[in-house]
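> Sequence lines, in order, name chains W and D. Quick note on our numbering: the first sequence kicks off at 116 and runs consecutively. Quick note on our numbering: the second sequence kicks off at 116 and runs consecutively.
I should point out that these hints are in silico values taken from the structure, not numbers from a laboratory. Since the model is a prediction, treat every value here as computed from it, not as a measurement. Please note that the accuracy of each hint is not assured.
Same chains, same names: a pair is fine if it fits in one copy or spans any two.
[As the list claims (entries may be wrong)] DSSO-like mimics (lysine-lysine), calculated; alpha carbons at most 27 Å apart, straight line:
(1) K208 <-> K415
(2) K178 <-> K450
(3) K418 <-> K262
(4) K169 <-> K450
(5) K208 <-> K233
(6) K415 <-> K169
(7) K233 <-> K305
(8) K178 <-> K208
(9) K354 <-> K208
(10) K294 <-> K415
(11) K178 <-> K418
(12) K208 <-> K418
(13) K450 <-> K294
(14) K121 <-> K233
(15) K262 <-> K450
(16) K294 <-> K121
(17) K411 <-> K208
(18) K411 <-> K143
(19) K415 <-> K450
(20) K143 <-> K479
(21) K121 <-> K415
(22) K354 <-> K479
(23) K169 <-> K233
(24) K262 <-> K208
Number of protein chains: 2
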Amino acid sequence: MTSSLKFTLEHQIQDAQGVGRARAGRVKLAGSQGISHEILTPVFMPVGTAGTVKGITTDELTKMNAQIILGNTYHLYLRPGHQRVERLGELHKFMAWNGPILTDSGGFQVFSLAGLNKIDDDGVTFQSHIDGSSHRFTPELSMEIQKALGSDIVMAFDECPPYPASPEVVQAAMRRTVKWAERGLQVPLKSHQARFGIIQGGLYENLRVQSAQEIGALPFDGFALGGLSIGETPELMQKMAYFSAPLLPRDKPRYLMGVGRPEDLVEGVRAGIDMFDCVMPTRNARNGQLFTSRGKINIKNAKFADSPEPLDPDCPCETCTRYSRAYLRHLFISKELLSARLNTIHNLSYYIRLMAQMREAILKNSFDEWAETFYRNQRSDVR
Amino acid sequence: MTSSLKFTLEHQIQDAQGVGRARAGRVKLAGSQGISHEILTPVFMPVGTAGTVKGITTDELTKMNAQIILGNTYHLYLRPGHQRVERLGELHKFMAWNGPILTDSGGFQVFSLAGLNKIDDDGVTFQSHIDGSSHRFTPELSMEIQKALGSDIVMAFDECPPYPASPEVVQAAMRRTVKWAERGLQVPLKSHQARFGIIQGGLYENLRVQSAQEIGALPFDGFALGGLSIGETPELMQKMAYFSAPLLPRDKPRYLMGVGRPEDLVEGVRAGIDMFDCVMPTRNARNGQLFTSRGKINIKNAKFADSPEPLDPDCPCETCTRYSRAYLRHLFISKELLSARLNTIHNLSYYIRLMAQMREAILKNSFDEWAETFYRNQRSDVR
Numbered sequence: 116m117t118s119s120l121k122f123t124l125e126h127q128i129q130d131a132q133g134v135g136r137a138r139a140g141r142v143k144l145a146g147s148q149g150i151s152h153e154i155l156t157p158v159f160m161p162v163g164t165a166g167t168v169k170g171i172t173t174d175e176l177t178k179m180n181a182q183i184i185l186g187n188t189y190h191l192y193l194r195p196g197h198q199r200v201e202r203l204g205e206l207h208k209f210m211a212w213n214g215p216i217l218t219d220s221g222g223f224q225v226f227s228l229a230g231l232n233k234i235d236d237d238g239v240t241f242q243s244h245i246d247g248s249s250h251r252f253t254p255e256l257s258m259e260i261q262k263a264l265g266s267d268i269v270m271a272f273d274e275c276p277p278y279p280a281s282p283e284v285v286q287a288a289m290r291r292t293v294k295w296a297e298r299g300l301q302v303p304l305k306s307h308q309a310r311f312g313i314i315q316g317g318l319y320e321n322l323r324v325q326s327a328q329e330i331g332a333l334p335f336d337g338f339a340l341g342g343l344s345i346g347e348t349p350e351l352m353q354k355m356a357y358f359s360a361p362l363l364p365r366d367k368p369r370y371l372m373g374v375g376r377p378e379d380l381v382e383g384v385r386a387g388i389d390m391f392d393c394v395m396p397t398r399n400a401r402n403g404q405l406f407t408s409r410g411k412i413n414i415k416n417a418k419f420a421d422s423p424e425p426l427d428p429d430c431p432c433e434t435c436t437r438y439s440r441a442y443l444r445h446l447f448i449s450k451e452l453l454s455a456r457l458n459t460i461h462n463l464s465y466y467i468r469l470m471a472q473m474r475e476a477i478l479k480n481s482f483d484e485w486a487e488t489f490y491r492n493q494r495s496d497v498r
Numbered sequence: 116m117t118s119s120l121k122f123t124l125e126h127q128i129q130d131a132q133g134v135g136r137a138r139a140g141r142v143k144l145a146g147s148q149g150i151s152h153e154i155l156t157p158v159f160m161p162v163g164t165a166g167t168v169k170g171i172t173t174d175e176l177t178k179m180n181a182q183i184i185l186g187n188t189y190h191l192y193l194r195p196g197h198q199r200v201e202r203l204g205e206l207h208k209f210m211a212w213n214g215p216i217l218t219d220s221g222g223f224q225v226f227s228l229a230g231l232n233k234i235d236d237d238g239v240t241f242q243s244h245i246d247g248s249s250h251r252f253t254p255e256l257s258m259e260i261q262k263a264l265g266s267d268i269v270m271a272f273d274e275c276p277p278y279p280a281s282p283e284v285v286q287a288a289m290r291r292t293v294k295w296a297e298r299g300l301q302v303p304l305k306s307h308q309a310r311f312g313i314i315q316g317g318l319y320e321n322l323r324v325q326s327a328q329e330i331g332a333l334p335f336d337g338f339a340l341g342g343l344s345i346g347e348t349p350e351l352m353q354k355m356a357y358f359s360a361p362l363l364p365r366d367k368p369r370y371l372m373g374v375g376r377p378e379d380l381v382e383g384v385r386a387g388i389d390m391f392d393c394v395m396p397t398r399n400a401r402n403g404q405l406f407t408s409r410g411k412i413n414i415k416n417a418k419f420a421d422s423p424e425p426l427d428p429d430c431p432c433e434t435c436t437r438y439s440r441a442y443l444r445h446l447f448i449s450k451e452l453l454s455a456r457l458n459t460i461h462n463l464s465y466y467i468r469l470m471a472q473m474r475e476a477i478l479k480n481s482f483d484e485w486a487e488t489f490y491r492n493q494r495s496d497v498r
């Protein structure tokens, strides 16, 4: 299994208690077309739900230095169908993306997005959010779907209990997640595909410890923290990530699923996480909320109507170098298609540059200083 | 006035009666930023209604060899406001397009798109389609708006009667259009701006003759056929364009407004028209209707679900070289933002290449043969 993924830890910062924290590393992936990939961590993965990062092309992803993107098993299974994608040459070819792809397991979506779902020890029966049709995912089928898609990193099928949930409910989900992880490992994948296990345990430290021990002992190529950023406060999420990160094997990539805001990425990296994904930069872009080096902007705001300034003067992206805030506001107010696109290009560029800056700070052993400057700039208020 | 536009007729094909028909030429424009433009005709102008060709960037327009685009006075006046656009550096800078821009006069929109309108000899009072607010356009204000926008070609403010309309109604509109043309000519523009007059006359040949004589005698830099493609059959439209084109001054560019389908462009060029604009390639792209060298495709069609083929094997555009019909269908069915964008890139590329092919055929004196092949290929049916 190790031939499909190789992780190199380049540098790790120790906290005051001597615990290894913020890390810079490299994830080498075998690649499906005989071309291997190397991902520099920490890394943010743009979300390409249904075979497209909404509104932008893969050329644009390359231009903004996106190193790896995420695809959603639940969505691609329902439409256009994983077998169809496989017939058409797998997901990379289908969507014209040559870089690595991580697919989630579909677990989170069947619990959060699908209609009425019924869970048992064998799997989950759910209704499609598109047409209400009935479907059933098992740990084995999740593997088969991801195998067909041909992604580079395959996630184990897990049970993600809602928040809040009692310790009993969370523990039951955690136990089931371990059994499902073991079952998924029995399904052979394509030779280039790596597998990640998922730690559950909600906001209960003892359960996180237990889950990390049990999942961490299985032969996965990397490990994710699941069940966070599902409704708890950002403070609780950050606290649990900080508690849990050191519980994960040091010599494998660590992935914090579904996180988050720029400050959550900073705190996740500080905790010792290597990989992140979130719909926030893309979804908020479509809603006119833009992240800049000086704080958040709502481009709808009337104060931008006459602004000839770039969105973020520190950003080298296409949106910031070619267009004014006044133009971006006009596009948003006029509900023009170009609005979502230009906003998405900026927000993703911002997230990706943020990760690159953190990596550089870690390698210089000056992460805390960098983070201090980051927070100070964020508070500098946008005119 | 001639310093802002210079038209060179390179080659014109004579019909059996010795009438000059299909033409290849060059339109030289002074340019607003000290950089002159040369447009090779016949030419299709993509429509950038509200400061953006819907869904695509000006870089993409450049890549597809768009030579000139159209902006809408009515839309830009209402939102973001022509004075704001001028303050922000005029329309070219606002939307980051360095090529030439033609602005329409707003006349067509106040009659067709705005709410209740009231027309008198002085101008038109109308309600905004956005918020119902009341506004008034006069020939003078239309010039002032287009002056503020800084477009390269300014259209005279005309009255476009609906179809069908009685000869009396059409004649009254035609007379008013002449008076309005004369009034507009009194308004000074920026030195780089050229002006086009608009011929009306509906589907009445005698009125077209009269309008062409009266408008044609005024010191415009080019002339347009208005009042076509507003509800009459394509056959009637083509017939009237064929009748009217030779009535326009031979030494000035001729523009057929709001036309049309690929076959309408072919027949317009055959008639002796140099310039065209239409929302069809962009609007239909968003609705999944795609134009190819082998005929029209509705990408929603289930028969494309598993097609690994490019949309149009003869097309060198980004959409055709990178993506399959199956992927384009998936994006459309899933209502993904990328669908409109990739479809628009293809349809506009198709229109622009079509014009380039016609120009080449004219220069080779083989337009009729080219047109025959075009129609044969269109009928070759898409699998």
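> Take the hints in turn and mark each one as holding or not.
Do the hints match the structure? See the list:
In this homomeric assembly, K208 and K415 come within 27 Å of each other (Cα to Cα) only across copies, at 21 Å, whereas the closest approach inside a single copy is 37 Å. Taking identical chains as interchangeable, the C-alpha atoms of K178 and K450 lie at most 27 Å apart whether they share a chain (26 Å) or sit on different chains (25 Å). Taking the closest pair of Cα atoms, K418 and K262 come within 27 Å of each other only across two copies (26 Å); inside a single copy the shortest separation is 50 Å, beyond that limit. Taking identical chains as interchangeable, the C-alpha atoms of K169 and K450 lie at most 27 Å apart whether they share a chain (16 Å) or sit on different chains (10 Å).
Proximity of K208 to K233 under the C-alpha cut-off of 27 Å is found in neither arrangement, the shortest distances being 34 Å within a copy and 56 Å between copies. In this homomeric assembly, K415 and K169 come within 27 Å of each other (Cα to Cα) both inside a single copy, at 20 Å, and across copies, at 19 Å. Taking the shortest alpha-carbon separations for K233 and K305, neither the intra-copy value of 30 Å nor the inter-copy value of 70 Å comes in at or below 27 Å. Taking identical chains as interchangeable, the C-alpha atoms of K178 and K208 lie at most 27 Å apart whether they share a chain (18 Å) or sit on different chains (24 Å).
In this assembly of identical chains, the alpha carbons of K354 and K208 never lie at most 27 Å apart, being 40 Å within a copy and 48 Å across copies at closest. For a Cα distance limit of 27 Å, the shortest separation of K294 from K415 qualifies neither inside one copy, at 48 Å, nor across copies, at 42 Å. For a Cα distance limit of 27 Å, the shortest separation of K178 from K418 qualifies neither inside one copy, at 31 Å, nor across copies, at 34 Å. In this assembly of identical chains, the alpha carbons of K208 and K418 lie at most 27 Å apart only when taken from different copies (20 Å versus 44 Å within one copy).
In the homo-oligomer, the alpha carbons of K450 and K294 never lie at most 27 Å apart, since the shortest distance is 48 Å inside one protomer and 37 Å across protomers. With identical chains, the CA atoms of K121 and K233 are never at most 27 Å apart, being 37 Å at best within one copy and 73 Å at best between copies. For a Cα distance limit of 27 Å, the shortest separation of K262 from K450 across copies, 26 Å, qualifies, whereas the shortest one inside one copy, 39 Å, does not. When the C-alpha separation of K294 and K121 is checked against a cutoff of 27 Å, the pair qualifies only within one copy, where the shortest distance is 26 Å, while the shortest distance between copies is 78 Å.
In this homomeric assembly, K411 and K208 come within 27 Å of each other (Cα to Cα) only across copies, at 26 Å, whereas the closest approach inside a single copy is 36 Å. Taking the shortest alpha-carbon separations for K411 and K143, neither the intra-copy value of 34 Å nor the inter-copy value of 45 Å comes in at or below 27 Å. Taking the shortest alpha-carbon separations for K415 and K450, both the intra-copy value of 11 Å and the inter-copy value of 24 Å come in at or below 27 Å. In this homomeric assembly, K143 and K479 come within 27 Å of each other (Cα to Cα) only inside a single copy, at 22 Å, whereas the closest approach across copies is 57 Å.
When the C-alpha separation of K121 and K415 is checked against a cutoff of 27 Å, the pair qualifies neither within a copy, at 45 Å, nor between copies, at 42 Å. For the homomeric pair K354 and K479, the shortest alpha-carbon distance inside one copy (25 Å) is at most 27 Å, but the shortest distance between copies (74 Å) is not. In this assembly of identical chains, the alpha carbons of K169 and K233 never lie at most 27 Å apart, being 30 Å within a copy and 43 Å across copies at closest. With identical chains, the CA atoms of K262 and K208 are at most 27 Å apart within one copy only, with a shortest distance of 14 Å there and 49 Å across copies.
In summary, the numbered hints that this structure violates are 5, 7, 9, 10, 11, 13, 14, 18, 21, 23.
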